[in-house]
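Okay, here's what each chain looks like letter by letter:
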Amino acid sequence: MFAKVWVEEATRKIRFKPDRAAVGRELDGHIRDIRDKYEAQGLSPYDAEMRATADMGDPAAIAEDLGRIHKPYWGWLWRLSQWALGILLVWAVLTGIGYVRNRLEYPAAEVELPQLPEEVETRTYADGGVRTFRLMDSWDIGGSVDLGGYRFTVPLAYLQERTYEGPEDYTPLQYELTVCLRASSWRFWEPISAGQYMILSHEAVDSDGNRYGRWEPGLFSQETHRHYFCNTYGDGPFAVWYEIQLDLPDGEMPDWVDIPIGYGEERLRVNFAEGVVGP
Amino acid sequence: MPRKETGVLPGSTAMLVLAVLKDQELYGYRIIEELAARSQNVFQLKEGTLYPLLHTLEKEKLLKGREAPAPNGRVRRYYRITQEGLRVLEEKEAAWHTYAGAVTAVLAGV
Numbered sequence: 024m025f026a027k028v029w030v031e032e033a034t035r036k037i038r039f040k041p042d043r044a045a046v047g048r049e050l051d052g053h054i055r056d057i058r059d060k061y062e063a064q065g066l067s068p069y070d071a072e073m074r075a076t077a078d079m080g081d082p083a084a085i086a087e088d089l090g091r092i093h094k095p096y097w098g099w100l101w102r103l104s105q106w107a108l109g110i111l112l113v114w115a116v117l118t119g120i121g122y123v124r125n126r127l128e129y130p131a132a133e134v135e136l137p138q139l140p141e142e143v144e145t146r147t148y149a150d151g152g153v154r155t156f157r158l159m160d161s162w163d164i165g166g167s168v169d170l171g172g173y174r175f176t177v178p179l180a181y182l183q184e185r186t187y188e189g190p191e192d193y194t195p196l197q198y199e200l201t202v203c204l205r206a207s208s209w210r211f212w213e214p215i216s217a218g219q220y221m222i223l224s225h226e227a228v229d230s231d232g233n234r235y236g237r238w239e240p241g242l243f244s245q246e247t248h249r250h251y252f253c254n255t256y257g258d259g260p261f262a263v264w265y266e267i268q269l270d271l272p273d274g275e276m277p278d279w280v281d282i283p284i285g286y287g288e289e290r291l292r293v294n295f296a297e298g299v300v301g302p
Numbered sequence: 002m003p004r005k006e007t008g009v010l011p012g013s014t015a016m017l018v019l020a021v022l023k024d025q026e027l028y029g030y031r032i033i034e035e036l037a038a039r040s041q042n043v044f045q046l047k048e049g050t051l052y053p054l055l056h057t058l059e060k061e062k063l064l065k066g067r068e069a070p071a072p073n074g075r076v077r078r079y080y081r082i083t084q085e086g087l088r089v090l091e092e093k094e095a096a097w098h099t100y101a102g103a104v105t106a107v108l109a110g111v
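So the sequence lines, in the order shown, correspond to chains Y and S.
If you read the first sequence in the numbering used here, its first letter stands for residue 24, the second for the next number, and so on.
If you read the second sequence in the numbering used here, its first letter stands for residue 2, the second for the next number, and so on.
In isolation and in its complexed conformation, chain Y is listed as follows (with noise of 0.2 Å):
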């Protein structure tokens, strides 16, 4: 018998295939070694391969011995937990670099993601005076928008109404919009460039014809512009988060708001009217 019929004879009943492969090695390097023996001894190529094969005995008896130990669920299990490792491993460095890559870029990046606030809430200052918050509207904003590589949504938007008592003299009633963009890539290596500073740096408008800026020498001023700002979060290694807070003096909810992205060149529309995100 040929040696690689005898070996595949003698493997046959070895479900789990890599087994089966790496008992042929063995077994077939096992006859080629019986096969060299008797080649050294004078027999043709031919006669000590047959030889060995006969020497190896039968291969149906050997065939069931081999196939009673080499049970195919424990290979599988062993491969499954391989790869359940594998992944785990993958994803705590992906993790990591990701959790890095935001500290680097955003110190003061918050940890946990922002979520649509409670009714009420209020805030007491260091001078004693008390800012409560009044969720007035939310909107669920469908859709997505590919820039600069990076793929945005708005998983949160609400408006809250917020009134100051206390000794300052700050406006008695305005309303905040807030929007929350995500900005996802598989690129997690690199710094989102859209960043915070960028979309502070540049100003947004609405369907009204309002302007908002950072109110900041050099930028913009509360003459020209409402008050704007944003805060970063990380979210995992493939995404960041921007809140964007946007004053509305008047509480009159514009139709869309176009925020600038990356240099300002772009510009991405939150449709609040029609509840969707766009170019």
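Rather than coming from a laboratory, the hints here were simulated on the basis of the structure.
Quick reminder that beta carbons are idealized off the backbone N, C-alpha and C, glycines included.
It is possible that part of the hints are untrue.
With the C-beta cut set under 8 Å, the calculated list includes, among others, these residues of chain Y facing chain S [as the list claims (entries may be wrong)]:
1. Glu49
2. Gly52
3. Asp81
4. Ile85
5. Leu89
With chain Y's structure known, arrange chain S on it following the hints.
Only chain S this time, still in chain Y's reference frame:
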């Protein structure tokens, strides 16, 4: 011509294989050669016995196998004994000595 003798005591073939691998790492073909050489050809293990035994011992974690390229370019599976294998070997040796002593005593008519 010496008589071929294996399996006098249950598990004694396993004991012989473990003993051959006690101090060295070997592949199947060399295990058979080594066993034959040490026993002056009394124990000539058949391949059909050896490989199921090696794989069983490996599954029981008494042996650890690894594939490695041999100098002639072939890939071989080398086996070495584990700590658990050494412990089991000690047990089997002790049982064997008791058994052999008893047989010797019977034959001597003591």
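Requested in this report: Against chain S, run the beta carbon of Ile85 (chain Y) and see if the smallest gap drops under 8 Å.
Outcome: 5 Å, holds
Query raised in the report: Should the hint that Leu89 (chain Y) touches chain S count as held when the rule is a Cβ pair under 8 Å?
Result: Since the shortest Cβ distance to chain S is 6 Å, the answer is holds.
Query raised in the report: Holds or violated: Gly52 (chain Y) as interface residue toward chain S, Cβ cutoff 8 Å?
Result: 5 Å, holds
Requested in this report: So, Asp81 (chain Y) near chain S? Judge it on the closest CB pair being under 8 Å.
Outcome: 7 Å, holds
**Report entry** Supplied contact hint for Glu49 (chain Y), tested at 8 Å Cβ to chain S
**Finding:** Nearest chain S Cβ about 4 Å off; hint holds.
Checked against the numbered hints listed earlier, the structure breaks none of them; every hint is satisfied.
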